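Those sequence lines, one after another, are chains W and D.
Residues in the first sequence are numbered from 1 upward in steps of one, following the numbering used here.
Residues in the second sequence are numbered from 1 upward in steps of one, following the numbering used here.
Everything labelled a hint here was simulated from the structure, so no lab data went into it.
Keep in mind it's a predicted model, so treat the numbers as computed, not measured.
Since copy identity is lost for identical chains, a pair holds within one copy or between any two.
The list that follows gives simulated cross-link-like pairs (lysine-lysine, DSSO-like), each with its CA atoms no further than 30 Å apart:
#  : residue 1 : residue 2
1  : Lys156    : Lys116
2  : Lys22     : Lys101
3  : Lys156    : Lys41
4  : Lys41     : Lys89
5  : Lys145    : Lys111
6  : Lys145    : Lys156
7  : Lys171    : Lys107
8  : Lys150    : Lys41
9  : Lys44     : Lys107
10 : Lys122    : Lys156
11 : Lys171    : Lys44
There are 2 protein chains.
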Amino acid sequence: MLIIDFNYNFALMNEILIRKAKISDMATVLDLIKELAEFEKEAKSVSINVNDLIKDGFSDNPKFTCLVADINNSVVGMALFYGRYSTWKGRTLHLEDLIVKKAFRGKGIGKKLYRKFIQIAKVENVRRAEWVALDWNINAIKFYKNSGAKVLSDWKTIQIDKKAINNYLVKK
Amino acid sequence: MLIIDFNYNFALMNEILIRKAKISDMATVLDLIKELAEFEKEAKSVSINVNDLIKDGFSDNPKFTCLVADINNSVVGMALFYGRYSTWKGRTLHLEDLIVKKAFRGKGIGKKLYRKFIQIAKVENVRRAEWVALDWNINAIKFYKNSGAKVLSDWKTIQIDKKAINNYLVKK
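With the hints as constraints, model all of the structure from the sequences given.
Here's what the structure looks like:
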């Protein structure tokens, strides 16, 4: 009996289901977002809340698609993406975040989420998928390169926040 | 008469109208895209055609918004943008391209297009607007910094193209 139980639990433990996120997953997804922001030394940069995620992801015109990695009905990872538009390539997909809960890393869960995202890029028939990574996150960059992706070294990301937007517009 | 004519033309020449692009502008917009790609030493990277731009920008669910700079009913510049989603900030705007025809540079047309984009970011009430620039395009980066935008130096852009997507998925 014990052995059967053990095998049963073990099998369940290893059954990683990658599925589309539901509204009820958004609280856990926000926890994952905050966990990644801490890893990236930017914990204070997270301004959104659960209601934003629900409103923006599950309305008539959703702003993103979210996949989750589900083990025993528990969400342990997520991948969040949306469409972009390249004036060179046309429709593309952008992977905004791919996060696996710390305690569940090294089990291939991130790879499953990534693979599902790449499968969706194929189904969507886009000419390109893209994302950004911090230059010191060597392991992630190595993983992406091994998958066939290219790291662009000469493009800089430029951002203007709400305060600077307002400041700019009051200047003539 | 000549003087009146001169003044009349001069006034018209200087009247730069920033307006939403129409379907009939897309051929000129594609020319501008190709001109920028040449400047960026990537002329061969432009895979899209006029029909893609019309289908993707003017359908029920448009993938982008395009502004044009119009002088005497002639399009001499454009700014193309769309919504993105940050898991830190929520809805954001992304400026994919801002292009002014070579012969019309240095006349403040780019600034007018940029300002209109920033105004739209304010109206859309996004917490952030962003774009990328080539690191050797010093003048553009200086302009953006002066406007209050920040250049992020530690984020790398990573891209996977259609061929690499297919290759990755055939591997186990």
